[in-house]
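> Using the sequences and the hints, build the whole thing.
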Amino acid sequence: MVRRNFMKTISAVAVTAAFGLNSFAALAAETIKVGVLHSLSGTMAISETALKETVLMAIDEINSKGGVLGRKLEPVVVDPASNWPLFAEKARQLLSKDKVAVVFGCWTSVSRKSVLPVFKELNGLLFYPVQYEGEELEYNVFYTGAAPNQQAIPAVEYLMSKDGGEAKRFVLLGTDYVYPRTTNKILRAFLKSKGVADADIMEEYTPFGHSDYQTIIAKIKKFSSEGKKTAVVSTINGDSNVPFYKELGNAGIKATDVPVVAFSVGEEELRGVDTKPLVGHLASWNYFMSLKNPENEKFTKAYRAWAVKQKLPNADKAVTNDPMEATYIGIHMWKQAVEKAKSTDVDKVIAAMAGQSFKAPSGFTIKMDEKNHHLHKPVFIGEIKADGQFNVVWKTPGPVRAQPWSPFIPGNEQRKDQPEGR
Amino acid sequence: MRPSPARTPFIVRLGSSFDARSWRLIGLFAAFALIAVPVMHLALPADHPLHLSTWFITLVGKILCYAIVAVAMDLIWGYGGILSLGHGLFFALGGYGFGMYLMRQIGRDGSYQSDLPDFMVFLDWKELPWFWIGSDSFLWAVLLVLVVPALIAFVFGYFAFRSRIKGVYFSIITQALTYAAMLLFFRNETGFGGNNGFTDFKRILGHPITAPETRVVLFALSALALIGTLLLARYLVRSKFGRVLTAIRDAESRVMFIGYNPLWYKLCAWTLSAVLCAIAGALYVPQVGIINPSEMSVANSIEIAIWVAVGGRGTLIGPVIGAFLVNLAKSWFTVSFPEYWLFFLGTLFIVATLYLPQGVVGLWARLRAGRRRGEGAAAGTTTAAAAKGAGA
Amino acid sequence: MYTLRSLLAICLLGISCAQAAIDPALLRPLADDDSDRRIAAIAALVEAAPEEAQPVLQAMAGDSLALAGERVVVLGAGGRVFDAASNRELTPPPAGIETIGINNRVRRELASALAALRLFSAEREVRWQAAQEVNQNVDARMLPLLDRALAVEKDPKIRDRLQLAHAQASLGSTDAAVRLAAVKTLGESSDPRVRQLLLPLTEKQGDSWREADSAVRAAAGTSIRSIEQRLAWADNLGRAFTGLSLGSILLLAALGLAITYGVMGVINMAHGELLMVGAYSAWAMQSVFRTHLSGALDWYLLAAIPVGFLSAALVGVLMERIVIRHLYGRPLETLLATWGISLFLMQVARTLFGAQNVEVANPSWMAGGVELLPNLLLPWNRIIIVAFSIAVLIAMWAILNLSRLGMFVRAVTQNRPMAGCVGVPTGRVDTLAFGLGAGIAGLGGVALSQIANVGPDMGQGYIVDSFMVVVLGGVGQLAGAVWAALGLGVFTKFLEGWTGAVVAKIVVLVLIIVFIQKRPQGLFALKGRFVES
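Chains as they are written, first to last, in this note's numbering: chain A, 1 to 422; chain B, 423 to 814; chain C, 815 to 1347.
Derived by calculation from the structure, the hints in this document are not laboratory data.
Just so it is clear, CB atoms sit at the ideal spot from N, CA and C, and this is done for glycine as well.
Keep in mind that the hints are not guaranteed to be accurate.
[As the list claims (entries may be wrong)] Derived Cβ-Cβ restraints for the label pairs, each shown as a range:
id, chain 1, residue 1, chain 2, residue 2, range
1, C, L1111, A, A189, 46 to 56 Å
2, B, F553, A, S64, 53 to 63 Å
3, B, H473, A, G70, 28 to 38 Å
4, C, S1101, B, F765, 21 to 31 Å
5, C, E861, A, E166, 16 to 26 Å
6, A, K192, C, L1124, 55 to 65 Å
7, A, A386, C, R851, 20 to 30 Å
8, A, Q336, B, V461, 42 to 52 Å
9, C, L1219, A, K309, 43 to 53 Å
10, A, E413, C, D837, 53 to 63 Å
11, A, A189, B, S585, 48 to 58 Å
12, B, F765, C, T1105, 27 to 37 Å
13, B, D531, A, A351, 23 to 33 Å
[Said to hold, decoys possible] Below are the DSS-like pairs computed for lysine-lysine, each with C-alpha atoms no more than 27 Å apart in a straight line:
id, chain 1, residue 1, chain 2, residue 2
14, A, K65, A, K292
15, C, K1018, A, K168
16, A, K222, C, K998
17, B, K548, A, K192
18, C, K998, A, K228
19, A, K222, C, K971
20, B, K624, A, K120
21, A, K192, A, K219
22, A, K395, A, K168
23, C, K1018, A, K229
24, A, K222, C, K1018
25, A, K99, B, K624
26, C, K1332, B, K588
27, C, K1018, A, K228
28, A, K416, B, K548
29, C, K1018, A, K192
30, C, K998, A, K229
[What the hints assert, rightly or not] To spell it out: a stretch of chain B is covered by chain C in this simulated footprint if at least three of its residues, at any positions, have a beta carbon under 8 Å from a beta carbon of chain C; those stretches are:
id, segment
31, 576-585
32, 603-616
33, 720-730
34, 752-765
35, 772-781
Encoded structure:
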């Protein structure tokens, strides 16, 4: 019995796998398929679900205006479940089974790193919408989030300015993984170049999902009481922000004494926190929901309407944030590039992407760099308000060109600011 | 009576552990994996209806590795009654061991064009840490894959079994073990690439890792490893060792009173199981192209137990079926019902444990038994054996 | 001087006179783009019209000062708009109102301006707060203000604070005697900032001492030492408290498990999701109170306690009835089935409430903290959670030891077949005990909602920790769980201060594994005569 079972199962499995799943791809040849590779379950679902909704909303918007090249876009949504090998598997499936023209996806660096070999092998096209540590430049990827010089360095410059409180001592606090480590490395070199001594920099890391920030807050308090004006630069990721900010509020660290500037905290994350004790703490992004301009009004209204239409939980409180804007820019630029190339062929689209520009919800006309696959983005610094929104206190005069290879990391000087072609 | 095991050569004993029909079946599977798959992947044009895509090869190759882990898990859980919630650790250690070799094989093709792996350049390390020495040699990597998990399993198992920690307690401390290891590997200073782990492998033994031929070879190796694992496990559970192990599962105190020391039997099975997991991990990494500490997460280890439970504990084919069933279901659900797949998966686990105490294999056996009873024939001995295997 | 006196008289008598209008020209620069000009404007405003300035500055600090065209207005409750200069309501409200956003620098200036103004408030509490705030940010320019405040202040505690601030401000005095007195006064402080102010006095700059007078130098040394002693003491006390607080959270997370696992031998992997149910009930109660009982919003948490208990207990009872009941005697299989339940519950939460975290605010009585010493602030939410965990513990002890159900539960724990033989309805006891355990997990969740995030995945973070507590303490033992939780909490916190959070966590886990090898039954082994099966 066991043996026959064995045979039947194996053959059944083989047949399903080989033919059953093949039939998925047979649907609707008229449409252009667009892959959506964001975790809808697992630890990253908290951040990534909103990006999936943004892609779907943008696709709906484009389709209602007649699609691209006269063809409708068809989203293919998969759930890589915050599991990195699954990301690679799903990416391969999207590219080779579903034959999608482009993929919008990934949040964490590790998920991007895990799908990269697949995109390179199959010559796919990925739009990555989240701020990241840089140190990467790939032909098959367009990075629509910020590089460190478009987020971290302006924030620290602001803290050192008169309006930012002339901070002289810095606590670099982060979750222990690559993005915080790299960012802090760059910041340390930057601070050094500004004459901040090593003794005036404290670096602290916590494990993933850390929820008890008492000790760290006590350390910060102690460090800040030891002299000159102190500021905290936080690269704490994901879920840990809520306990961190709750502890911060209750420990009586006010923004006027020790301001905290965060790179991973946006409107979406603040929804989970009572922001009244946090007024005045800062975040640095390329977009804030509170920006006042016609594009942003359109964008936020469209998203709210979409959330209500899709009956998303808490739709009445739906917010937009920086990675959502980056996703939105990405999909529109891709559309423009396809129209320019008159084809969805990856190589042609990549060539057509260079120099594309788009009037973004940030109020600026954002340009895709001719060479380095990153956007020129404006930088805003916002202070948290009691209603969970940000009050922009500083911004760059115009979009800033990205430096994926930070000049503050030794050895990066000789790197080419252009991905190697195929 | 079968001949006394001591006098028969090992290979014959190994051969006699399956009967002719099982051998035919295994042969069929081997032919599929070693001949049909390469031909269908390499020789047939991509638009041929029988062409197997790279996606299929990597997916099934991945599940073959999972199946090895499931059989290894079954060896100690189904036959030894020890539920480990830390097998993900050994799997990941195997993966990391081999991953070190793959990282070194990148050579100067990394994004920093350095002899050191990229993440070390990035952390400003000037030379390889001591535990990376020798990792550029394939043989050393194989040794690492086999020895490190074995050593850790041995030491941990020795103390745990000596203190007679068992049942739920053992499950919980293995869970703590893998959790601690995961936190350790997440640290950048530990020297294994932190959260990003190892990725962007270029070649293996000088062959490009994305070449279809390499993939087919890796696939075939995974299939061979699975067959080997099945043979070994089959041999073990039918030997005296296996029977003592099962006796320990069913009544440890009595086995002790008879005069056996359960420690060595358990320890042996436990260490072997860890090594099998590590081999699976080593085969897994080049196929999926990434190893990261989240492989050590508690959830992953629990999932291994679930494959075994769904397939059927105490049988050897059950875990293989379970691994395929659960993973294919996951692959399918995450695409077809991305929003709801956890409902299906959760329900599957609940239903499987509630109504299928012997897993899918047990269900099959029950159905067969029911039909035979209808025909007036007695239920097969296998059914009884499978049913007995449930009482762990 | 006359205006000052009259101001003080007015303030002290608590009479608010009809406000005179402020010159709008003074107000307009408050909305300037340049922070320097705004700060100058604040100073000018305080100078020109101290009593009228207060509400305007207050509004500015509270983000409710706005610009309507060229007119500065104050936004009131319910969409009402007042002219900032005359304090008259503007009807209809002008169009195109734009809030005047402020940054931290302006906020800081506002705070010290307001604190200085509030030093003369009629209410003691307000003056006390102001005196505290003044101490945060002292400079020599404040001396005349502090002198004036000291002249009228009667309350000794506030006077102490003011004198401290005064001493800080007069450290830069040219008169050595004044400096000596200041340094001596500052020795009474236990504020690390003061230590920082004194340190330079004992240091050399080049070849010469920064502080020329040797008597002042010596006094500074003594003062620093006495401050440091107090600081070190407070540091350790603070660390012990954080440990206690972490312990109480571990205890709350693990107590429910101590029943379900300890008593019934069920490895409930969905325990974390029961915590989640409790936390979401807190959120649900908060939403209900927000919409229907906004007056009593602060007390939503009290309502959340029974709701959290009951909803988690209900989920627990359902789990027991539908699934776990059929798996008794197969502990390892309950583990798998409950893992399935856990996945299921998580996805339910995700579908119902969204994948994002939801916001659960601390009620105002839980915000802030008690400042025992300037460097030792015990947050109220932590204190309350410690107290809450003690209360839950006592309640659980009472149920287990004083009630009939408790007796049955204990009987079933000790010997299930025998309990059944003497007529204990073991089936029903199981259901109730599981419900009780689940309910207590729900209470834990309500507490967690006050310090951690509330989201579908929140339970996952506590599963390993809670099992560690139960296993370390010894199965079936309340006392064991208590000691284990507290021990783990305090130990982790002391270790964390020394090695950092990541290593501390790893070390603790490894030590637990080693400890279990030594004492497989945990800290407190259940005594009795069992033959291991």
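> It remains to establish, for every hint, whether it holds in the given structure.
Tested hints:
1. L1111/C x A189/A: 46 to 56 Å: With a Cβ separation near 48 Å, L1111/C and A189/A satisfy 46 to 56 Å, so the hint holds.
2. F553/B x S64/A: 53 to 63 Å: The hint (53 to 63 Å, Cβ to Cβ) holds, given that F553/B and S64/A are roughly 58 Å apart.
3. H473/B x G70/A: 28 to 38 Å: holds, 32 Å
4. S1101/C x F765/B: 21 to 31 Å: Hint holds: Cβ distance 25 Å, inside 21 to 31 Å.
5. E861/C x E166/A: 16 to 26 Å: holds, 25 Å
6. K192/A x L1124/C: 55 to 65 Å: For K192/A and L1124/C the Cβ distance comes to about 58 Å; the hint holds.
7. A386/A x R851/C: 20 to 30 Å: holds, 25 Å
8. Q336/A x V461/B: 42 to 52 Å: holds, 45 Å
9. L1219/C x K309/A: 43 to 53 Å: For L1219/C and K309/A the Cβ distance comes to about 50 Å; the hint holds.
10. E413/A x D837/C: 53 to 63 Å: The hinted range 53 to 63 Å holds for E413/A and D837/C, with Cβ atoms some 58 Å apart.
11. A189/A x S585/B: 48 to 58 Å: Since A189/A and S585/B have Cβ atoms about 50 Å apart, the given range 48 to 58 Å holds.
12. F765/B x T1105/C: 27 to 37 Å: With a Cβ separation near 30 Å, F765/B and T1105/C satisfy 27 to 37 Å, so the hint holds.
13. D531/B x A351/A: 23 to 33 Å: holds, 25 Å
14. K65/A x K292/A: holds, 25 Å
15. K1018/C x K168/A: holds, 22 Å
16. K222/A x K998/C: holds, 23 Å
17. K548/B x K192/A: holds, 21 Å
18. K998/C x K228/A: holds, 23 Å
19. K222/A x K971/C: This hinted pair holds, its Cα atoms lying about 25 Å apart.
20. K624/B x K120/A: This hinted pair holds, its Cα atoms lying about 12 Å apart.
21. K192/A x K219/A: It holds: about 22 Å lies between the C-alpha atoms, which stays within 27 Å.
22. K395/A x K168/A: holds, 21 Å
23. K1018/C x K229/A: OK: K1018/C and K229/A at ~22 Å, within 27 Å.
24. K222/A x K1018/C: It holds: about 24 Å lies between the C-alpha atoms, which stays within 27 Å.
25. K99/A x K624/B: Within the cut-off at roughly 24 Å; holds.
26. K1332/C x K588/B: Distance ~14 Å between K1332/C and K588/B Cα, so the pair holds.
27. K1018/C x K228/A: holds, 19 Å
28. K416/A x K548/B: Judged against 27 Å, a Cα distance of about 23 Å means the pair holds.
29. K1018/C x K192/A: Distance of about 26 Å is within 27 Å: holds.
30. K998/C x K229/A: holds, 25 Å
31. 576-585: holds (count 5)
32. 603-616: holds (count 4)
33. 720-730: Per the Cβ count (5), the hint holds.
34. 752-765: holds (count 4)
35. 772-781: Per the Cβ count (5), the hint holds.
Hint compliance for this structure: no hint is broken.
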